[in-house]
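Enquirer: Sequence:
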Amino acid sequence: MSQKPKPSHGLAACPGCAEPLESGDRFCGACGYDLSAVPSAEAGADRPTVAIGTPVTWPDAPPREPGSLSTMTQHPNDLPGTDSGGRDLPTTEVRTDGPTPPEPAPAAPGGGSAAPGGDFELAAPDPRAAVRVDTGPAAEAVPAPAPAPGAAPAAAICVACRAGRVDADGYCENCGHAQPRERDHMERELAGVAAVSDRGLRHHRNEDAFAVSSTTLPDGSPATLAIVCDGVSSATRPDEASAAAAEAAGASLLAALPRGTHPQQAMHEAIVAAAEAVNSLAEETGQDGAEQDPHRRRNAPACTIVGSVVASGLLVVGWVGDSRVYWVPDDRSAPPARLTEDDSWAAQMVAAGLMNEAEAYADERAHAITGWLGADSYELDPHTAAFKPDRSGVVVVCTDGLWNYAEAAEDMARVVPADAADRPLGAAQVLVGHALDGGGHDNITVALVPFTAAPQGAGSA
1 MSQKPKPSHG LAACPGCAEP LESGDRFCGA CGYDLSAVPS AEAGADRPTV AIGTPVTWPD
61 APPREPGSLS TMTQHPNDLP GTDSGGRDLP TTEVRTDGPT PPEPAPAAPG GGSAAPGGDF
121 ELAAPDPRAA VRVDTGPAAE AVPAPAPAPG AAPAAAICVA CRAGRVDADG YCENCGHAQP
181 RERDHMEREL AGVAAVSDRG LRHHRNEDAF AVSSTTLPDG SPATLAIVCD GVSSATRPDE
241 ASAAAAEAAG ASLLAALPRG THPQQAMHEA IVAAAEAVNS LAEETGQDGA EQDPHRRRNA
301 PACTIVGSVV ASGLLVVGWV GDSRVYWVPD DRSAPPARLT EDDSWAAQMV AAGLMNEAEA
361 YADERAHAIT GWLGADSYEL DPHTAAFKPD RSGVVVVCTD GLWNYAEAAE DMARVVPADA
421 ADRPLGAAQV LVGHALDGGG HDNITVALVP FTAAPQGAGS A
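Each residue of the sequence shown is one higher than the one before, starting from 1 at the first, in my numbering.
Note that these hints are calculated values from the structure, not bench results.
We put the beta carbon where it would ideally sit given N, CA and C, even for glycine.
Please note that a few of the clues may not be correct.
Stated by the list, open to error - Derived CB-CB ranges, DEER-like:
no.	residue 1	residue 2	range
1	Ala-362	Ser-312	35 to 43 Å
2	Ser-392	Ala-168	16 to 24 Å
3	Gln-265	Gly-220	19 to 27 Å
4	Phe-27	Asp-167	36 to 44 Å
5	Leu-217	Glu-276	56 to 64 Å
6	Ala-385	Ala-408	30 to 38 Å
7	Ala-352	Tyr-171	16 to 24 Å
8	Phe-387	Ala-362	25 to 33 Å
9	Ala-362	Asn-299	23 to 31 Å
10	Ala-408	Asn-299	48 to 56 Å
11	Ala-362	Thr-216	25 to 33 Å
12	Pro-218	Asn-299	30 to 38 Å
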């Protein structure tokens with residue numbers, strides 16, 4: 001696309017720093033202010049998009065220590081400033097020796113407050129989640145409702161400049177910054193289950209997907225399900241594969257469980273349904289009767305899948321690939337456990353006795369998967385298992401974007417907040433934060449399902 005010359009701004013000095021300007025300047029040479037955002041002087045009074053306040057006088061840089069290659073560190077409180085409402089910024093102490101003690105804070109959309117009791121503290125709400133503009137009275141901190149069919153979505157504030165509105169194409173009308181996609185960060189909470197998915201810090205898109213829901217068994221007792229899928233990045237359209245698999249598996253479970261299908265059989269059928277949904281993405285659209293390309297299935301859309309169902313005191317898990325389920329009891333003196341076995345090169349080496357677990361997972365081939373959903377996979381072999389825990393706890397269903405940072409069951413138990421069963425969404429946010437702090441090298445998705453054990457003396461299977 002071509003760039004058209006911008007008209008003269010007609011300003012003698014930069015609105016941001018008062019630096020003298022020439023009529024043909026497009027940006028201020030001192031502070032970089034975008035002069036194209038300033039209306040022409042002939043159009044009337046100057047009304048820039050961003051309100052310009054009194055220029056900030058920055059203090060001189062600290063002196064460089066002899067022999068050092070850099071100056072001393074400056075902290076945010078060293079500089080004056082105001083927030084977007086014109087109020088003075090709070091002057092809180094900057095700590096460099098550890099986490100800040102938890103303070104009560106109001107809940108915010110897409111983020112959690114600091115957890116009491118020394119739990120991992122989640123950072124401020126992810127700026128990648130655009131904030132909707134409410135032109136009416138002050139709105140409560142709840143997710144915005146979905147727009148009615150055919151209605152234009154509510155305007156959003158740019159995540160970069162925090163001033164301009166986002167147009168229909170997903171770009172800021174003020175600074176032109178591309179806005180994050182809806183799938184970059186997703187959260188969902190229902191009674192008895194919650195899930196969070198995040199793009200991470202290295203990937204250009206989120207190729208994970210999840211489905212969480214609850215239903216009722218024929219006897220009236222509740223059943224809770226969680227499905228997590230991880231797109232295979234080396235395949236085509238991995239994001240579509242994971243979304244199709246999660247949706248199909250969730251729908252299959254919601255149809256089978258109320259009919260009285262045993263949860264383990266329902267999980268098997270759900271994985272088969274998910275595989276069929278992913279396979280359909282690779283179907284050819286050529287002419288009827290045309291000879292199929294023998295290579296058409298190569299690099300077809302693919303993903304892994306893992307899921308859990310909690311119903312009638314039973315915990316059922318199912319999987320294909322290397323996404324996992326962990327069991328973390330509420331009583332942390334009891335041992336946690338990993339309930340799934342990876343379909344991966346490392347797991348095969350350990351199972352064959354050729355390497356121990358430490359050696360296998362240290363190898364560069366460790367995460368090469370040997371089982372997945374997709375038209376180019378080997379014969380589908382869904383794994384399912386059923387457990388009846390004798391105590392209450394929480395079920396952690398996750399992709400390797402999380403368990404890479406807490407691989408052993410004991411490591412996962414350490415990072416799961418102690419009150420995860422009471423606030424699963426907050427705990428899921430904490431776990432995603434743990435992976436982001438660890439580097440966020442992959443997409444991160446986790447679902448938490450609290451499990452309440454039957455009272456002692458009740459019948460057992």
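Enquirer: Using the C-beta atoms of Phe-387 and Ala-362, is the stated range 25 to 33 Å upheld?
Expert: 30 Å, holds
Enquirer: Do the Cβ positions of Ala-352 and Tyr-171 conform to the proposed distance bound of 16 to 24 Å?
Expert: Since the Cβ atoms of Ala-352 and Tyr-171 sit about 53 Å apart, the hinted range of 16 to 24 Å is violated.
Enquirer: Does 48 to 56 Å hold as the CB distance between Ala-408 and Asn-299, or does it fail?
Expert: 33 Å Cβ-Cβ, so the 48 to 56 Å window is violated.
Enquirer: Against the range 25 to 33 Å, how does the distance between the Cβ atoms of Ala-362 and Thr-216 compare: consistent or not?
Expert: At 46 Å between Cβs, range violated.
Enquirer: Given a hint of 35 to 43 Å, does the C-beta separation of Ala-362 and Ser-312 actually sit inside it?
Expert: 41 Å, holds
Enquirer: Is it true that Ala-362 and Asn-299 lie within 23 to 31 Å of each other by Cβ?
Expert: Holds, at about 28 Å.
Enquirer: Is it true that the C-beta distance of Gln-265 to Gly-220 lies inside 19 to 27 Å, as the hint says?
Expert: Between Gln-265 and Gly-220, where Cβ atoms are some 20 Å apart, the hint holds.
Enquirer: Honestly, do Ala-385 and Ala-408 meet the 30 to 38 Å range at C-beta?
Expert: For Ala-385 and Ala-408 the Cβ distance comes to about 19 Å; the hint is violated.
Enquirer: 16 to 24 Å was suggested as the range; check whether the CB atoms of Ser-392 and Ala-168 agree with it.
Expert: Since the Cβ atoms of Ser-392 and Ala-168 sit about 48 Å apart, the hinted range of 16 to 24 Å is violated.
Enquirer: For the range 36 to 44 Å, tell me whether the beta carbons of Phe-27 and Asp-167 fit it or not.
Expert: 22 Å, violated
Enquirer: Within 30 to 38 Å or not, the Cβ separation of Pro-218 and Asn-299?
Expert: Roughly 43 Å apart at Cβ, these two residues miss the hinted range, so it is violated.
Enquirer: Given the hint of 56 to 64 Å, check if Leu-217 and Glu-276 actually sit that far apart at their C-beta atoms.
Expert: With a Cβ separation near 25 Å, Leu-217 and Glu-276 fall outside 56 to 64 Å, so the hint is violated.
Hints 2, 4, 5, 6, 7, 10, 11 and 12, counting from the list given before, are not met by this structure.
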